[in-house]
Amino acid sequence: MNGIIFIFLSLIISSSVLGQVTLEDLQKRIEQLENQQADLVLNSSEPKTVVNAFLNDNLTLGGFLEPSYTFISGPNTKTQYLNASNILGLNLSAEFGPRYRFVSQILTGLVINLENPHNNPDATPNLPHTREYRNYFFGTVLTQGYLEYSHSRIFNFQGGLGYAPFGYAPQQRELVLFIRRGGPQLLRSGDLLAPFWQGFHLFGSKNMNRNEVGYNIYTFASPKKLRNSGLGSRLWISTPNEKLEGGISAQIGKNDKDTYGTVGADIKIESFPYILKTEFAQYISSDPDSWTFYVEPSVYISGEELLLYVFGDYVNNRRNEVTTASKGDPYQRLEYGTGLNWLPTSYTRLRFGVTYNDYVGERAISSRINRDYLSFDISAGVAF
Amino acid sequence: MLILKFIFFLFFITSFAWGQKIVFIVNSSNTVSRISHDQLQDFYFKRNRTWPNGLPIRFFDRTDGSEVRKLFLANILKKTSRQVDQFWIGQKLYTGDSAPTKVSTRSLVISLVARFPGGIGYISEGSALPDGVKVIEVTEL
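Residue numbers (numbering that gives the first Met the number 0), protein chains in the order written: chain A, 0 to 383; chain B, 0 to 140.
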């Protein structure tokens, strides 16, 4: 009996001693692994996706994919339904130290073009009599490519090409995550404003009484006179936690005849679960002005997974032309509708949207062709 | 008796969770000893990329869903995880900037901050810290 107890006690003591030794070894091993992990983190740049370039600098890779399925129909618009657009955006960027950065973005896609989009019967013979999805268009375009020098918070300099900081939507921060596919008409109305800065871009911001106040100054290629650079600017303010953001913007450049200016204002109000965005832009020249304005309230339902929106978006575009015929085709269009976004993750957005394109004014009907049409969109945006 | 012990254990655990606070740590060589909420936001969102002494800031975030990150989001950034994710998506597309590195454990945050002179991270308030890092005071303004 005593022997059994002795053996039993020996087993208990030896196992606890062995356990202690094993525990110490494990702790050392954990420390070693954590040090290795720390080395890996310090030697890599911050994002998870890292590509090693031949320069032995690390490039970071990101981007988005946006496929969409569209249905359109109208009094003088054939009913059409198709996968109209597949766009892939790739962002490559690299940090060469704390002050120098390289950023680039390429868009590539396979799109079926909506030809004669405003149902202008005078567009023939080069275009169909009424709007029609007809031909494939595919291509690749560089939308951002610049080197940035960051001197301080209030002074930063970029050289190259990027999205013009005119208002909120043109910055394309939500290219894949616009709650309406394609975004507002501000982005789709020809040359009302130059969409890119080209050449130089100065920007900065300062904290003033807990509000952030900032500026942008940039050069751009005037859409109608590419050989002459224009000058653009924006002043903006953002309250703490970005509850309210607003700005005023301007671009001045040359067109065919004279000097023109585009001015604009934007406001974004965010108080969960509500968001309100509104922007205005007006093209001013010796010709009659063109202008556009939209309001887009939205509300999160079911936490942050479902986003319901409505919108009203008006454009008076006196500068529109039937490009194949170089004929003027001014129009006034009111887009209004509603839609739902489902965000199963922060990086994916599935949209369903309904839009009525209501052409108004004296050119709502052209040569007995009604320009109005209804569209449905099912689309997805995936960021990576 | 067993039930009383169990109740006491539950009370201890939950009170610990409710009372949990986060503290911000920097490298010991960093001369900064105090920081405001606004400055922390600026560091995290990369509006400010260098310390006053010129050292580049390296902010270490914590992994999604961790209790310390929830406290950081609620008390310092005052945003939800989804809002922060969407901000970084926009930044990635417009400026190429990426979100700060996310780190999974307390000990790894300490290890990284100790090794990176401009490092800053946050951990749960707890036991004494090793050499190489120090806690800095966080003020509202």
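Calculated from the structure, these hints are not laboratory results. These figures come from a predicted structure and were not determined experimentally. Some hints here could point you the wrong way.
[As the list claims (entries may be wrong)] The calculated lysine to any residue pairs, modelled on SDA-like cross-linking and capped at a C-alpha distance of 20 Å, are:
(1) Lys205(A) to Leu76(B)
(2) Lys267(A) to Leu76(B)
(3) Lys101(B) to Lys205(A)
(4) Lys77(B) to Leu243(A)
(5) Lys78(B) to Lys133(B)
(6) Lys267(A) to Thr79(B)
(7) Lys205(A) to Ser35(B)
(8) Lys77(B) to Thr62(B)
(9) Lys77(B) to Ile268(A)
(10) Lys45(B) to Gly89(B)
(11) Lys78(B) to Ile300(A)
(12) Lys77(B) to Tyr299(A)
(13) Lys20(B) to Arg105(B)
(14) Lys267(A) to Gly89(B)
(15) Lys45(B) to Gln170(A)
(16) Lys78(B) to Ala249(A)
(17) Lys242(A) to Val83(B)
(18) Lys69(B) to Pro116(B)
(19) Lys45(B) to Lys224(A)
(20) Lys242(A) to Lys101(B)
(21) Lys45(B) to Glu131(A)
(22) Lys77(B) to Lys224(A)
(23) Lys267(A) to Lys224(A)
(24) Lys20(B) to Gly89(B)
(25) Lys69(B) to Asp130(B)
(26) Lys133(B) to Leu201(A)
(27) Lys224(A) to Ala249(A)
(28) Lys45(B) to Ser237(A)
(29) Lys45(B) to Thr344(A)
(30) Lys45(B) to Ser365(A)
(31) Lys69(B) to Thr344(A)
(32) Lys267(A) to Ser237(A)
(33) Lys45(B) to Ala249(A)
(34) Lys205(A) to Asp37(B)
(35) Lys45(B) to Ile300(A)
(36) Lys27(A) to Arg105(B)
[Claimed, not checked] DEER-style ranges, computed between Cβ atoms:
(37) Arg46(B) to Gly158(A): 48 to 58 Å
(38) Pro296(A) to Gln19(B): 33 to 43 Å
(39) Arg46(B) to Ala379(A): 49 to 59 Å
(40) Gly158(A) to Pro55(B): 16 to 26 Å
For glycine and all other residues, C-beta sits at the position ideal for the given N, C-alpha and C.
Verification of the supplied hints:
1. Distance hint between Lys205(A) and Leu76(B) is fulfilled; the C-alpha atoms sit about 18 Å from each other, no more than 20 Å.
2. Annotation: proposed proximity of Lys267(A) to Leu76(B) holds, straight-line Cα distance about 19 Å (limit 20 Å).
3. At roughly 28 Å between alpha-carbon atoms, Lys101(B) and Lys205(A) are farther apart than 20 Å, so this suggested pair is violated.
4. For the proposed pair Lys77(B) and Leu243(A), the alpha carbon gap of about 14 Å is at most 20 Å, so the pair holds.
5. Proximity of Lys78(B) to Lys133(B) is assessed by CA-CA distance (about 27 Å); at most 20 Å being required, the pair is judged violated.
6. This hinted pair checks out: Lys267(A) and Thr79(B) have alpha carbons roughly 18 Å apart, not beyond 20 Å.
7. Only pairs whose Cα atoms come within 20 Å are accepted, and Lys205(A) paired with Ser35(B) is accepted, the gap being roughly 16 Å.
8. Restraint check for Lys77(B) and Thr62(B): the C-alpha separation of about 17 Å stays at or below 20 Å, so the hint holds.
9. Proposed proximity of Lys77(B) and Ile268(A) is supported: the alpha carbons are some 16 Å apart, at most 20 Å.
10. The suggested pairing of Lys45(B) with Gly89(B) holds, with an alpha-carbon distance near 13 Å, which does not exceed 20 Å.
11. With a CA separation close to 17 Å, the supplied pair Lys78(B) and Ile300(A) stays within the 20 Å bound.
12. As the CA atoms of Lys77(B) and Tyr299(A) are separated by approximately 18 Å, the hinted pair is consistent with the 20 Å bound.
13. Simply put, Lys20(B) and Arg105(B) have alpha-carbon atoms about 13 Å apart, close enough for the 20 Å limit, and the pair holds.
14. Using a Cα cut-off of 20 Å, the hinted pair Lys267(A) and Gly89(B) holds, with the two alpha carbons roughly 15 Å apart.
15. Proposed proximity of Lys45(B) and Gln170(A) is supported: the alpha carbons are some 18 Å apart, at most 20 Å.
16. At roughly 32 Å between alpha-carbon atoms, Lys78(B) and Ala249(A) are farther apart than 20 Å, so this suggested pair is violated.
17. A C-alpha spacing of about 14 Å is found between Lys242(A) and Val83(B), which places the hinted pair at or below 20 Å, so the restraint holds.
18. Taking the CA atoms of Lys69(B) and Pro116(B), the gap is near 26 Å; set against the 20 Å cutoff, the hint is violated.
19. Our distance criterion of 20 Å between C-alpha atoms is broken by Lys45(B) and Lys224(A), whose separation comes to about 37 Å.
20. For the given pair, Lys242(A) sits about 26 Å from Lys101(B) by alpha-carbon distance, which is inconsistent with the 20 Å threshold.
21. Distance hint between Lys45(B) and Glu131(A) is unfulfilled; the C-alpha atoms sit about 46 Å from each other, more than 20 Å.
22. The hinted pair formed by Lys77(B) and Lys224(A) fails the criterion: a straight-line CA distance of about 46 Å is larger than 20 Å.
23. The hinted pair formed by Lys267(A) and Lys224(A) fails the criterion: a straight-line CA distance of about 32 Å is larger than 20 Å.
24. For the suggested pair Lys20(B) and Gly89(B), the alpha carbons sit about 30 Å apart, so the restraint of at most 20 Å is broken.
25. For the given pair, Lys69(B) sits about 27 Å from Asp130(B) by alpha-carbon distance, which is inconsistent with the 20 Å threshold.
26. With a C-alpha separation of about 37 Å, the suggested pair Lys133(B) and Leu201(A) falls outside the 20 Å cut-off, and the hint is violated.
27. Among the hinted pairs, Lys224(A) with Ala249(A) is consistent with the structure: their alpha-carbon atoms are about 18 Å apart, no more than 20 Å.
28. Of the supplied pair hints, the one linking Lys45(B) and Ser237(A) holds, its CA atoms being roughly 16 Å apart against a limit of 20 Å.
29. Restraint check for Lys45(B) and Thr344(A): the C-alpha separation of about 24 Å exceeds 20 Å, so the hint is violated.
30. Our distance criterion of 20 Å between C-alpha atoms is broken by Lys45(B) and Ser365(A), whose separation comes to about 52 Å.
31. About 17 Å separates the Cα atoms of Lys69(B) and Thr344(A), which keeps this hinted pair within 20 Å; it holds.
32. Using a Cα cut-off of 20 Å, the hinted pair Lys267(A) and Ser237(A) holds, with the two alpha carbons roughly 9 Å apart.
33. For the given pair, Lys45(B) sits about 27 Å from Ala249(A) by alpha-carbon distance, which is inconsistent with the 20 Å threshold.
34. Using a Cα cut-off of 20 Å, the hinted pair Lys205(A) and Asp37(B) holds, with the two alpha carbons roughly 12 Å apart.
35. Between Lys45(B) and Ile300(A) the alpha-carbon distance is near 30 Å, which puts this suggested pair outside the 20 Å criterion.
36. Among the hinted pairs, Lys27(A) with Arg105(B) is consistent with the structure: their alpha-carbon atoms are about 16 Å apart, no more than 20 Å.
37. Between Arg46(B) and Gly158(A) the beta carbon distance is about 21 Å. The supplied range of 48 to 58 Å is therefore violated.
38. Distance hint check for Pro296(A) and Gln19(B): the Cβ-Cβ separation is about 38 Å, which falls inside the suggested range of 33 to 43 Å.
39. Remark: the range hint 49 to 59 Å for Arg46(B) to Ala379(A) is contradicted by a beta-carbon distance near 31 Å.
40. In this structure, Gly158(A) and Pro55(B) meet the distance hint of 16 to 26 Å, their C-beta atoms being roughly 22 Å apart.
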